[in-house]
Amino acid sequence: MTPSGASANHEIDVHGLARVEGEGSLHVAVRDGVLERVELEIFEPPRFFEAFLRGRSFEEPPDITARICGICPVAYQMSACAAIEDACGVQVDDRIGRLRRLLYCGEWIQSHALHIYLLHAPDFFGCRDAVELAALDAAVVQRGLRLKKLGNHIMETVGGRAIHPVNVRVGGFYRAPDREEITALIEPLRRAREESLETVAWVAGFDFPEIEADYRFVALSHPDHYAIEAGRVASSDGVDATPAEFALLAVEEHVARSSALHSRLNGRDPYLTGPLARYALNEAKLPKVARDAAARAGLGPVCTNPFKSVIVRAVELLFACDEALRLATDYEPPEPPAAKVVPAARAGAGATEAPRGMLLQRYELDAAGTIQSARIMPPTSQNQLTIESDVRRVVESGLELSDAELTARCELAIRNHDPCISCAAHFLDVSIDRS
Amino acid sequence: MTARVVVAGIGNDFRRDDGAGPAVARLVAASTPAVDIGPIAEPLDLIGRWEAAGLAVLVDATRSGAPAGTVSLVDLGDAGARSGSSTHAIGLDRVVRLAQVLGTAPDRVVVVGIEGQDFSDGTGLSAAVERAVPLAARRVVDLVTEAS
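Order-wise, the sequence lines are chains L and R.
If you're matching positions, the first sequence starts at 1 in the numbering used here and goes up one per residue.
If you're matching positions, the second sequence starts at 1001 in the numbering used here and goes up one per residue.
Chain L with its partners taken away, still in its complex shape:
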């Protein structure tokens, strides 16, 4: 942060944002009391995944793309499988679909518990990190750690290991877990559901800045359930598209300051994916236990206060525990564990809901199944323009704050969306310039 002498001028530089994923920085310039510029820079080096997927076999994207992120590898695996299966015209067995959803619930539980308890909550208590929060309330942090551990355990049980699961393949799984292995998850999930109910009540008591945003929400939507691993792409202004159609609607552009591409709907409009979008578009599909908890927490059917994303994330944590419990209780091992997939010279697209937002992949294959082109749209690059708008709103409403307070508010505004800069590069230094 660079303090200045003149109170009407601010220049905030946050170099190396903490508690977000990846490497980036934020520059804010205020001149004569007027906000001049907000720039979220992503300087994590481009990672060229799309380039080195070209020429690889159609069976490889689940394992290669999982390496993009250690927090949401399942999202990459599931979107890759969906895209390749779309290209090859394959529909998987419902049992495979349910097992994928269970694995994905594990990722939601571990990622949401990590973000809520260890990365986001410390901001609301004025703590620098989870260590300080634990000193204030050890029992709460221990609850978060238990929830995260259970998410990891589900991923190990279904995916073979918690980080970069090894049991996922195009068409399904290499091996279906035994019924006993899945049944052993039921009791821990019952406890986790109770603890996630406590989580919703806990975060609802945080002190939130009164800021509302006019978001254009984009999320998957499914007629039967709260969409995670499948669905059509919907938006708050009427988009209803297949993932392949949406890949044409979302135009990505490169800007000099960022190694992440910026996405615009129809080449024009910024949009937001993630918990706020999913909740706004699919709230009615949540199970009663989650809708009731949301109502008790004061949420209406749509939440446009980005700081309250922590409540929505907690409601989704509760949903994921409840859904995983239902899936584990009804589990029938798929036989065979994977559908046969024969490559076809076609293009296919697949989209799923990573914990932090919709993740879309598109591949073109030749007849032998060799990848001719690949496109990966991670949620953070889709959200980047909207995150910048959030920061602009926060600065405009907080010009009377000190540089230190404004910097903290800016960092929180970015963390509201749990950005994954590593995924997007293709986090965060903040600078406020009032000079």
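Just so you know, the hints here were simulated from the structure itself, not pulled from any lab data.
Note that the coordinates shown come from a computational prediction; the quantities given were computed from them, not determined experimentally.
Note that the Cβ used here is the ideal one computed from N, Cα and C, for glycine as well.
Any given hint could be a false lead.
Now the in silico label distances, taken between C-beta atoms and shown as ranges [as the list claims (entries may be wrong)]: (1) S1064(R) / Q91(L): 44 to 52 Å; (2) Q372(L) / G1122(R): 24 to 32 Å; (3) D1075(R) / R31(L): 46 to 54 Å; (4) L399(L) / S1120(R): 49 to 57 Å; (5) R1049(R) / D330(L): 29 to 37 Å; (6) A284(L) / S1120(R): 42 to 50 Å; (7) D1075(R) / R190(L): 39 to 47 Å; (8) S1064(R) / I186(L): 40 to 48 Å; (9) R37(L) / R1049(R): 43 to 51 Å; (10) R128(L) / D1075(R): 18 to 26 Å.
Derived lysine to aspartate or glutamate pairs resembling EDC-like cross-links, with alpha carbons at most 20 Å apart [as the list claims (entries may be wrong)]: (11) K285(L) / E210(L); (12) K285(L) / D237(L); (13) K288(L) / E195(L); (14) K149(L) / E195(L); (15) K149(L) / E1130(R); (16) K149(L) / E1042(R); (17) K149(L) / D1036(R); (18) K288(L) / E405(L); (19) K340(L) / D94(L).
Some chain L residues close to chain R (C-beta under 8 Å, calculated; not the full set) [said to hold, decoys possible]: (20) G126; (21) D129; (22) A130; (23) A134; (24) A138; (25) V140; (26) V141; (27) K149; (28) N152.
Given chain L's structure and the hints, the job is docking chain R onto it.
Relative to the frame of chain L, chain R by itself:
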């Protein structure tokens, strides 16, 4: 009563020299009373696995610029011992602090490093790191023996 001693290899066997930590941990667990609680992919996963330990030895590949195979030792009880900054994950020094605040930290945490040179995809350690594995294991066994 003998204090519980745990050892954990940090790393990935499928990224060549990154598998040095798990290789050492397997050797040590096979020849001492130390319990292998690894492999560990992210430091936060240590919480819940190392409870009630008198000593935790973490073995990891390093990339400091030292010659490949160099074995180093850092006692996280030492003032100033800090892991590099991370983002979604929480660094090892913060995990140790968090565990201390929660009252679940081992009495002593020691990191044994082996300098790697090849972190590309695939299995098998480079020759220099392969030669260093028994040396690092010896250092860990000495720590385990001392604690036991």
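Hints and how they fare:
1. A hinted range of 44 to 52 Å holds for the C-beta pair S1064(R) and Q91(L), which are about 51 Å apart.
2. The hinted range of 24 to 32 Å is satisfied by Q372(L) and G1122(R), whose Cβ atoms lie roughly 26 Å apart.
3. At roughly 51 Å, the beta carbons of D1075(R) and R31(L) sit within the given window of 46 to 54 Å.
4. L399(L) and S1120(R) have their C-beta atoms about 50 Å apart, which keeps the hinted 49 to 57 Å range intact.
5. At roughly 31 Å, the beta-carbon separation of R1049(R) and D330(L) lies within the given 29 to 37 Å, and the hint holds.
6. At roughly 49 Å, the beta carbons of A284(L) and S1120(R) sit within the given window of 42 to 50 Å.
7. Distance hint check for D1075(R) and R190(L): the Cβ-Cβ separation is about 42 Å, which falls inside the suggested range of 39 to 47 Å.
8. Restraint check, S1064(R) to I186(L): a C-beta distance of roughly 46 Å satisfies the suggested window 40 to 48 Å.
9. At roughly 47 Å, the beta carbons of R37(L) and R1049(R) sit within the given window of 43 to 51 Å.
10. Under the hint 18 to 26 Å, the C-beta atoms of R128(L) and D1075(R), about 24 Å apart, fit the expected range.
11. Simply put, K285(L) and E210(L) have alpha-carbon atoms about 27 Å apart, too far for the 20 Å limit, and the pair is violated.
12. Distance restraint check for K285(L) and D237(L): the Cα-Cα separation of roughly 19 Å lies within the 20 Å cut-off, and the hinted pair is therefore satisfied.
13. Distance hint between K288(L) and E195(L) is fulfilled; the C-alpha atoms sit about 17 Å from each other, no more than 20 Å.
14. A hinted pair counts as satisfied when its Cα atoms are at most 20 Å apart, and K149(L) with E195(L) qualifies at roughly 13 Å.
15. The hinted pair formed by K149(L) and E1130(R) fails the criterion: a straight-line CA distance of about 33 Å is larger than 20 Å.
16. With a C-alpha separation of about 12 Å, the suggested pairing of K149(L) with E1042(R) holds against the 20 Å cut-off.
17. Proposed proximity of K149(L) and D1036(R) is supported: the alpha carbons are some 18 Å apart, at most 20 Å.
18. With a C-alpha separation of about 39 Å, the suggested pairing of K288(L) with E405(L) is violated against the 20 Å cut-off.
19. For the hint pairing K340(L) with D94(L), the CA-to-CA distance comes to about 14 Å; that is within 20 Å, so the pair holds.
20. Interface restraint check for G126(L): the shortest CB-CB distance to chain R comes to about 16 Å, outside 8 Å, so the restraint is violated.
21. Because the closest C-beta pair between D129(L) and chain R is about 6 Å apart, less than 8 Å, the hint holds.
22. Taking 8 Å as the C-beta contact cut-off toward chain R, the hint placing A130(L) at the interface holds, the least distance being around 6 Å.
23. For A134(L), the suggested interface contact is upheld, since its CB lies about 4 Å from the closest CB of chain R, less than 8 Å.
24. A distance limit of 8 Å between C-beta atoms decides the matter here; for A138(L) the minimum to chain R is near 5 Å, and the interface restraint holds.
25. Interface restraint check for V140(L): the shortest CB-CB distance to chain R comes to about 11 Å, outside 8 Å, so the restraint is violated.
26. Restraint check, V141(L) versus chain R: the minimum CB separation of about 7 Å is within 8 Å; hint holds.
27. A distance limit of 8 Å between C-beta atoms decides the matter here; for K149(L) the minimum to chain R is near 5 Å, and the interface restraint holds.
28. Checking N152(L) against chain R: minimum C-beta separation of about 7 Å stays under 8 Å; hint holds.
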